[in-house]
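A.B. asks: Given only the sequences and the hints, what does the whole structure look like? Please build it.
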Amino acid sequence: MYLTPGLKHNYSLYAIPAGWLIGMAPLWWAIFQTDKTSPGVYSNAKPKESWTRLHEAGLSPKLYGRITRAIAANDNTHTNLALFAACLVAANAAHVHRDTLHACVATWIGSRIAYTLAYVMIEDDKCSWIRSGFYFTGIFSCFTLVVKAADRFKSLTW
Numbered sequence: 013m014y015l016t017p018g019l020k021h022n023y024s025l026y027a028i029p030a031g032w033l034i035g036m037a038p039l040w041w042a043i044f045q046t047d048k049t050s051p052g053v054y055s056n057a058k059p060k061e062s063w064t065r066l067h068e069a070g071l072s073p074k075l076y077g078r079i080t081r082a083i084a085a086n087d088n089t090h091t092n093l094a095l096f097a098a099c100l101v102a103a104n105a106a107h108v109h110r111d112t113l114h115a116c117v118a119t120w121i122g123s124r125i126a127y128t129l130a131y132v133m134i135e136d137d138k139c140s141w142i143r144s145g146f147y148f149t150g151i152f153s154c155f156t157l158v159v160k161a162a163d164r165f166k167s168l169t170w
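Residue numbers for the sequence shown follow my numbering, beginning at 13 and rising by one.
Among these hints, one or two may not hold up.
[What the hints assert, rightly or not] Label-pair ranges, simulated between beta-carbon atoms:
(1) M36 - G70: 21 to 31 angstroms
(2) N22 - G70: 31 to 41 angstroms
(3) A162 - T64: 16 to 26 angstroms
(4) L168 - K58: 45 to 55 angstroms
The set of hints was computed from the structure by calculation and includes no laboratory data.
Here a beta-carbon is modelled for each residue, glycine too, at the ideal position from N, C-alpha and C.
C.D. replies: Listed below in structure tokens is the structure:
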């Protein structure tokens with residue numbers, strides 16, 4: 013019995029471009045919201061400068077907070093994407109079973125989507141631990157991949 017019924021092949025590496033898209037989604041949303049509410053503030057020619065001028069755009073404090081947190085979520089996902097990709101490639105190279113690969117990939121993708129939504133939407137320090145929980149769930153899936161890979165590799169004679 014397979015953990016991932018219907019997935020008879022290894023599709024795990026497709027999660028890397030999917031992770032990139034998940035990382036870009038909050039940035040694209042932030043650009044859209046900025047252009048919609050304050051046209052001309054965001055400049056594709058000078059994006060970092062645009063974000064430093066965001067506080068001058070006359071946005072509501074709530075929208076300003078969400079946009080700045082969306083930008084931070086974008087940065088965080090791209091920072092974590094390198095760890096995820098390295099662990100996933102190591103697990104694939106070690107021929108970790110596809111069920112484990114798919115379960116870890118689904119966990120990481122789900123945790124990054126939930127993390128991003130929590131990061132953008134949660135404004136209260138008392139609830140911010142929810143975001144941290146999603147973050148560490150994703151990290152746990154990465155570490156699971158690399159530990160499973162290490163277990164497979166340790167039996168090889170080098």
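A.B. asks: Each hint should be assessed against the structure and marked as holding or not.
C.D. replies: Verification of the hints:
1. Between M36 and G70 the Cβ separation comes to about 26 angstroms, which falls inside the hinted range of 21 to 31 angstroms.
2. Restraint check, N22 to G70: a C-beta distance of roughly 50 angstroms breaks the suggested window 31 to 41 angstroms.
3. Between A162 and T64 the beta carbons are some 43 angstroms apart, a value that contradicts the proposed interval 16 to 26 angstroms.
4. The hint said 45 to 55 angstroms for the Cβ distance between L168 and K58, and at roughly 50 angstroms that hint holds.
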